[in-house]
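J.: Just so you know, the protein sequences line up as chains Z and L, in that order.
Position one of the first sequence corresponds to residue 1 (the working numbering), numbered consecutively onward.
Position one of the second sequence corresponds to residue 1 (the working numbering), numbered consecutively onward.
Do not take every clue at face value.
[To be verified] Here are the simulated distance ranges between beta carbons:
{"hint": "1", "chain 1": "L", "residue 1": "Lys227", "chain 2": "Z", "residue 2": "Ser120", "range": "36 to 44 Å"}
{"hint": "2", "chain 1": "Z", "residue 1": "Ser120", "chain 2": "L", "residue 2": "Arg314", "range": "18 to 26 Å"}
{"hint": "3", "chain 1": "Z", "residue 1": "Arg92", "chain 2": "L", "residue 2": "Ser178", "range": "46 to 54 Å"}
{"hint": "4", "chain 1": "Z", "residue 1": "Asn18", "chain 2": "L", "residue 2": "Glu359", "range": "54 to 62 Å"}
{"hint": "5", "chain 1": "L", "residue 1": "Arg314", "chain 2": "Z", "residue 2": "Gly70", "range": "26 to 34 Å"}
{"hint": "6", "chain 1": "L", "residue 1": "Arg186", "chain 2": "Z", "residue 2": "Arg92", "range": "34 to 42 Å"}
{"hint": "7", "chain 1": "L", "residue 1": "Gln360", "chain 2": "Z", "residue 2": "Ser120", "range": "32 to 40 Å"}
{"hint": "8", "chain 1": "L", "residue 1": "Asp235", "chain 2": "Z", "residue 2": "Arg214", "range": "48 to 56 Å"}
Since the hints were derived computationally from the structure, they do not count as laboratory data.
Every residue, glycine too, gets a C-beta built ideally from N, C-alpha and C.
For reference, the chains in residue letters:
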Amino acid sequence: MRLLLIEDDTDLCTELTNDLRLRGYAVDASTQGVDGCFMGESEPYDIVILDLGLPDLPGLQILQQWRAQGINTPVLVLTARGAWHEKVEGFRAGADDYLSKPFHMEELCVRLQALIRRSSGSGKAAIEVGHLRLDEDRQVASWTDSVSDVSNIELTGIEFRLLRYMMLHPERIFTATHLIEHVYDFNDEKESNVIEVYISRLRKKLGKAVICTRRSQGYYLDPGALHKD
Amino acid sequence: MASLNQRLTLSLMASLALFFIAQTWIIGNEVEVLSEQNLISRMEHDQEELLAALQWSPPSLPVLDADRIPSIYQRPFSGHYFQIEVADIKLHSRSLWDETLPELAGVLERNVMGPKQVHLLMLSREFTMLGQQVKIRIAEDISHIESTTASFQQHLLLFATAAMLLLLLLQAWVVLHSLKPLGCIRDQLGQLEKGEVEKITTPAPSEIMPLVEEVNQLLQLMQQRLKRSRHALGDLAHALKTPLAVMGQVVQRQTGDEDQVLLLQQLQHIERRIELELVRARTAGRMPGGLWAEPFRDLNDMVYMLNQVFPSIRITLFMDETMSIAADREDMLELFGNLIENACKWASSEVYCHISCQEQGFSIQVEDDGPGIVRDEYQSLLVRGARADESKSGHGLGFSIVHEIISVYDGKMTLSRSDTLHGLQVNISLFQA
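Turn these sequences into a full structure, and let the hints guide you.
T.: Take a look at the structure:
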C-alpha cells in the first residue's frame, strides 16, 4: 500500500513515517503542503493522510484541488483544531475520514485499514479471499479451513505488502511496474526483477496456483485457486 | 418608561385641550362684554336724547317732546323703557304702560325683573337741569341678546370641540408617522435577535442615526473578535496538540512500566483539559446576528460522515428540512457532533436524532440502542460533565463539551432511557431569543 503523509510538524511526520513503515505501508512523507499536493497529483497513492493545518497551503484547498482533478484516492484528514464544523467542511471538500490530534497510533491504523478496504469495495472487517486470510496487525497470512496443517504463514515486509495489495484487488492484472509503485515508496532502491523474486517466494508459501502470470501483461491473484475443497 | 408615542400623544392632547378651552372661554366672555357695551352705549345715547327732549320751563310742569323720543319707546311693552324723575314728577315711556321701573342703587344693573317678567338691563343717570336733579332711568330687554350670545357661545364650543378632535387625529397621525423609523428599527432589532439580518439597514432619522451606527459597529466588532479569537484558538490548538501527538507516540514506544502508564495518564489529562478549555473559549454563545441557516444540510453531511466512521450504525435524522436556528453555526455543529458521535460510540445499530422547533426555542433528543446507563448515574454523568478534570473516557469528554455549550446558551439537559431504542436518551432544550 502506497501511502502519502502530508504533515507540517517534522517530528510527528518522522514518527508517523517510521511507525507506518513498520506496519507495512510504503510511506512518502512531505512537510510542505505544495510539495505534498504535487506528489499526490503525480504518484499513484492508495491512501493519503492529510493534515489540515499546513502553513503554506491549507489542507482543505489541497483536497479540493485533487478532487477537482478527479484524483479519488481515499484521504484521511488529521485536524488539530478538532472543531466539528471543520470536519464537516473537510467532508464536503472530499475527505473520507477524519482523526483529531492527538490520536492513538492503533486508532489511526484501524481507520486506515477500514478506509483501504472500503475503497477496494470490500465491506469485511478483515482481508479475506477464499480460505486465505491476512492479519494486518500481525502481518501474517493464515488458512481458515481446518484441513490445512499450516495455520500461520510468516511473511516478510515486502511479501506482506505485495500480498495485501493483490488480495485487495483479486483477479485484477497488475504489471510489475504497477506493483513496484504500490509496494515501494519513492526513495526505496528498486531493482528491475524484484517483483518476480517476491512473487515466486509468495508462490512457494501459498501454492503455485494462487498467483498467476499472464504473459507480457502481468500478475493476478486467482480467487478460484483459494476456494479449495 | 412610557412609550414615546404615548408621551407625545398625551402631552399634545393636553396642550391642545388647554388652548381650546382658554380660547373658547375668552371669546365667549368677550362677545358677552362687547354686546353689553354696545347696548350700554346706545342706551346712553338714548338717555341724552331724552334729556334733550325734556322741556321744562318752571313753573309749568316738565314735558317730553314726543317727536324727539325714539318711537320704540312709544310702543307698549316693546322692551325699551325709560322713566324720568324730575322735581318729584315721574315721566315714563308709553311702552311701560302702567308699570314702573324698580329703584336702582347704582348706575348699572343687570337682570332687573321688568314688566312681563323679562330681564332688563337698566341704566340710571343723573343730570342737573335748572338747578334741579333729573334722574333718567332707561332699561332694555336683554333676553334677546342673551339668547344670541348663548347660541353664539354654543356654536363656538361646538366648533372648538370639532376642531380639537380633528387636530388630535391629525396629531396622532403625525406622531405615528414620525415615529415610524423607530418602529422599523425596532423590528430590525427583533430580526437581528432572531439572526434574520446581520446588521441594521433601515435608514434612520439623523437623531438616532449615531445610535444605529454604533450598534452596527459593535456588531461588526463582535463578529470580527469572535472570528479572530477562534482563529487564534485554532492555531493554539494546532501548536499544542501536534507536540502532544508526538509525545504520545514516543511514550507509547517505550517498554511498558509504571512510568509509561503514568505518563500516558498525564498526557490524557492534558489533552482533555485543553480540549475542554478550547471548546469553552470557542463557543460564541447567543449573539445577535448569529444564524444557523441550513441545519439540515449540515447535519445530513455530518451523519453521512459519521456513517463512514461507524459503518455498522444507522443514524436517522428527524427534523424539518427547511428549519433554521438562531444560534451560532459552529457552536451547534460542535453540540450535535459530540452528541451524535457519543451515541454512535455506545449504540449497537441505531441512533435517532430528533430536532423540533418549539414556541420559545427548540428541543433536541438523541437516543441510541446501546446499553444506556442506570438512573443513579444520570446525575453523576451530568455533574461529571461539569467537572472535566475528573471525568473518564467514553461519554465523559463529549458530555463535558455538550454541557459547556448548553450552559452558555442557558439550555437544559436531562438524561433518560429511550422508549423506542431502549438505550440512553439525551434531551436538550435551548431557548431562542
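J.: Against this structure, judge whether each hint is valid.
T.: Consistency of the hints with the structure:
1. The hint said 36 to 44 Å for the Cβ distance between L:Lys227 and Z:Ser120, and at roughly 41 Å that hint holds.
2. In this structure, Z:Ser120 and L:Arg314 meet the distance hint of 18 to 26 Å, their C-beta atoms being roughly 23 Å apart.
3. As the Cβ distance of Z:Arg92 to L:Ser178 is approximately 50 Å, the hint placing it in 46 to 54 Å holds.
4. For Z:Asn18 and L:Glu359, the hinted distance range of 54 to 62 Å is satisfied, since their beta carbons lie about 59 Å from each other.
5. Between L:Arg314 and Z:Gly70 the beta carbon distance is about 31 Å. The supplied range of 26 to 34 Å therefore holds.
6. Distance hint for L:Arg186 and Z:Arg92: a CB-CB separation of about 38 Å, consistent with the stated range 34 to 42 Å.
7. At about 51 Å, the CB distance of L:Gln360 to Z:Ser120 disagrees with the hint of 32 to 40 Å.
8. Against the hinted window of 48 to 56 Å, the Cβ-Cβ separation of L:Asp235 and Z:Arg214 comes to about 54 Å, which satisfies the hint.
The structure fails to meet hint 7 from the earlier list, while all remaining hints are met.
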